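Required output: the full structure, derived from the provided sequences and hints.
There are 2 protein chains.
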Amino acid sequence: MAKAKIAVNGYGTIGKRVADAVKAQDDMEVVGVSKTKPNYEASVAHRLGYDIYTLAENVEAFEKAGMPAAGTIEEMLEKSDLVVDCTPGGIGEKNKPMYEKVGIKAIWQGGESHTISDFSFNAESNYEQAVGRDLTRVVSCNTTALCRAISAIDRELEVNKVRVSLTRRAVDPNEIKKGPVDAIVLNPVKLPSHHGPDVRSVLPHINITTAATKVPTTLMHVHTVNMDVNKDCTAEDVKNIFGSQSRIRLIGDGITSTAEIIEYARDIGRPRHDMWELCIWSESITVTEKELYFFHAVHQESIVVPENVDAIRAMMELESDGSKSIEKTNKAIGLSNK
Amino acid sequence: MAKAKIAVNGYGTIGKRVADAVKAQDDMEVVGVSKTKPNYEASVAHRLGYDIYTLAENVEAFEKAGMPAAGTIEEMLEKSDLVVDCTPGGIGEKNKPMYEKVGIKAIWQGGESHTISDFSFNAESNYEQAVGRDLTRVVSCNTTALCRAISAIDRELEVNKVRVSLTRRAVDPNEIKKGPVDAIVLNPVKLPSHHGPDVRSVLPHINITTAATKVPTTLMHVHTVNMDVNKDCTAEDVKNIFGSQSRIRLIGDGITSTAEIIEYARDIGRPRHDMWELCIWSESITVTEKELYFFHAVHQESIVVPENVDAIRAMMELESDGSKSIEKTNKAIGLSNK
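Residue numbers (UniProt numbering), protein chains in the order written: chain A, 1 to 338; chain B, 1 to 338.
Treat the hints with caution; some may be incorrect.
Any copy, or any two copies together, can satisfy a pair, since identical chains are not distinguished.
[Stated by the list, open to error] Pairs of lysine-lysine, DSS-like flavour, derived with a Cα cap of 25 Å:
{"id": "1", "residue 1": "K331", "residue 2": "K239"}
{"id": "2", "residue 1": "K231", "residue 2": "K161"}
{"id": "3", "residue 1": "K290", "residue 2": "K161"}
{"id": "4", "residue 1": "K190", "residue 2": "K161"}
{"id": "5", "residue 1": "K23", "residue 2": "K328"}
{"id": "6", "residue 1": "K190", "residue 2": "K239"}
{"id": "7", "residue 1": "K231", "residue 2": "K190"}
{"id": "8", "residue 1": "K190", "residue 2": "K290"}
{"id": "9", "residue 1": "K328", "residue 2": "K5"}
{"id": "10", "residue 1": "K37", "residue 2": "K3"}
{"id": "11", "residue 1": "K94", "residue 2": "K5"}
{"id": "12", "residue 1": "K64", "residue 2": "K290"}
{"id": "13", "residue 1": "K23", "residue 2": "K324"}
{"id": "14", "residue 1": "K5", "residue 2": "K96"}
Keep in mind the hints are simulated off the structure, nothing from the lab.
All values derive from a computational prediction rather than experimental measurement.
And the structure:
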């Protein structure tokens with residue numbers, strides 16, 4: 001079978017990781033990546049051998065910068081079966097008419113609204129519903145995290161209610177111009193935050209509300225999760241449920257912070273110190289009368305990356321079984337390296 | 001009536017504020033403050049006209065530093081009716097035998113355990129129980145915050161359950177040697193944090209659990225509070241309840257962060273930018289079927305200061321009515337300057 005031909009539109013925080021993850025699979029290939037300016041990220045794309053596509057008016061600038069473009073974004077789309085839109089939130093929607101004109105399947109990220117595709121994706125929650133679809137939205141890092149944790153517990157213990165407090169990293173490590181230096185910012189003041197409703201775009205039957213603050217750190221988000229379930233269980237049962245999920249990592253060994261998780265990712269040789277798994281602290285798992293608590297940490301730059309690969313595989317009908325796709329994706333990118 | 005004679009043992013973050021707040025009252029006076037080293041804080045105490053007492057072996061060092069000590073700590077205690085222990089957490093307990101030997105009433109701070117006095121104090125929650133007591137503990141900043149909010153709601157709507165996620169400032173503004181620079185630290189990993197049980201040292205009938213993280217900021221803590229109540233109510237009802245409390249400030253006017261609250265405190269001329277009130281964001285108050293949410297911010301350096309003054313007034317039997325003491329304290333320190 002010919003490999004599925006994938007265009008990555010936008011080569012920033014998510015796009016560069018999606019390109020690498022697609023490249024690592026044996027059933028799909030990267031046709032090219034798009035970049036508007038010949039900056040340091042574009043130069044790395046060039047070094048890695050990706051064909052770079054850009055706006056017609058910027059082709060000359062790439063030529064001058066010594067990283068010649070392979071063509072325009074429209075030309076990249078023409079050669080592809082599916083585009084993963086990794087442009088900044090809100091831009092993806094403006095790109096939709098272009099994708100429709102070319103007649104290409106499309107995946108958007110969580111920065112766009114659910115209505116862009118009328119379908120929101122999380123591999124562990126609803127892979128099968130994505131099979132053969134033309135348009136899909138992979139939910140954001142925080143929503144992906146919550147969907148993974150909630151789906152795992154819901155299958156075994158039936159979730160009744162979820163209440164989450166999110167402590168968000170202010171900016172990504174490479175964002176040098178914004179973010180509070182010494183403040184806790186309510187994000188937003190009005191409750192609930194958008195994360196709860198967003199989880200319901202994947203898991204509509206879950207009663208969930210969320211509240212979020214933004215704090216001066218760059219590495220990961222942390223959620224304090226409080227969940228009511230319908231079945232009796234112990235903390236040990238919950239640990240076993242989480243421990244059996246390939247994209248959940250139980251955290252222990254004296255780790256008490258996001259900084260130590262990232263140090264660990266560096267030590268085990270993860271590319272760009274990416275931690276694709278949702279990180280749940282074992283010791284924090286507490287159960288009292290069907291009420292469950294735990295802390296988890298979310299690597300905002302990478303948690304959605306394997307989800308994008310699975311979404312491609314479902315939409316291109318390369319695999320109809322979600323668990324097989326997840327296993328294949330994990331193995332190819334090295335996620336099994338726990 | 002003679003003024004109550006108050007010793008302030010420990011002139012750091014809390015002690016210097018308690019000294020100023022006691023000095024501002026007309027029914028009590030500061031006999032002196034203690035300091036072990038002649039540092040910048042001691043020099044300000046000297047400028048402000050406080051008599052400084054120190055350890056016998058350090059009297060000479062103060063003399064040399066140009067801020068002569070008035071005597072030893074024991075001498076300060078001998079001249080006083082009541083000591084407010086503002087030494088670092090854990091030291092207060094070691095001071096207890098000294099206070100017993102002198103036969104002086106004593107107030108400790110929240111860094112000590114409940115058993116040091118077998119009574120924990122919050123002016124709005126249990127002033128009357130403190131009247132005439134010899135030993136009292138004023139609970140910590142976070143516990144004071146929660147007691148104020150919970151007591152107000154409990155009186156009107158009967159609190160059934162409280163679930164709180166605390167996002168704590170890493171260190172106080174003057175602590176230059178510790179605190180994470182780029183991390184979210186679980187504080188602690190094991191749930192619940194000590195704050196929930198500590199609230200029950202003041203309000204034993206409240207079902208409360210808490211989880212805390214520590215983040216790279218110095219200004220204030222933020223709590224995300226989720227509360228179940230027994231009576232039907234609207235967000236407007238809850239705003240009215242909070243709005244009627246003198247030590248709760250409703251926050252609005254586009255303020256979305258702790259930094260803006262502190263800027264506001266500076267602009268209205270608060271000493272040391274102190275925000276004695278618990279700050280609750282009006283717009284965050286949300287009610288769905290007897291389930292209540294809101295965000296509040298806690299100025300960790302100052303929120304317990306008026307509580308210490310009220311504890312003195314109760315223990316010295318200067319006033320038997322809590323609401324009168326609260327009003328008197330507020331007026332004297334300028335808290336009514338909202």
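Results of checking the hints against the structure:
{"no.": "1", "hint": "K331 - K239", "in the structure": "within (23 Å within a copy, 53 Å between copies)"}
{"no.": "2", "hint": "K231 - K161", "in the structure": "both (13 Å within a copy, 21 Å between copies)"}
{"no.": "3", "hint": "K290 - K161", "in the structure": "both (11 Å within a copy, 15 Å between copies)"}
{"no.": "4", "hint": "K190 - K161", "in the structure": "both (20 Å within a copy, 22 Å between copies)"}
{"no.": "5", "hint": "K23 - K328", "in the structure": "within (13 Å within a copy, 71 Å between copies)"}
{"no.": "6", "hint": "K190 - K239", "in the structure": "between (34 Å within a copy, 14 Å between copies)"}
{"no.": "7", "hint": "K231 - K190", "in the structure": "between (33 Å within a copy, 23 Å between copies)"}
{"no.": "8", "hint": "K190 - K290", "in the structure": "between (29 Å within a copy, 18 Å between copies)"}
{"no.": "9", "hint": "K328 - K5", "in the structure": "within (18 Å within a copy, 75 Å between copies)"}
{"no.": "10", "hint": "K37 - K3", "in the structure": "neither (29 Å within a copy, 74 Å between copies)"}
{"no.": "11", "hint": "K94 - K5", "in the structure": "within (22 Å within a copy, 72 Å between copies)"}
{"no.": "12", "hint": "K64 - K290", "in the structure": "neither (63 Å within a copy, 64 Å between copies)"}
{"no.": "13", "hint": "K23 - K324", "in the structure": "within (18 Å within a copy, 72 Å between copies)"}
{"no.": "14", "hint": "K5 - K96", "in the structure": "within (19 Å within a copy, 75 Å between copies)"}
Of the numbered hints listed earlier, those contradicted by the structure are 10, 12.
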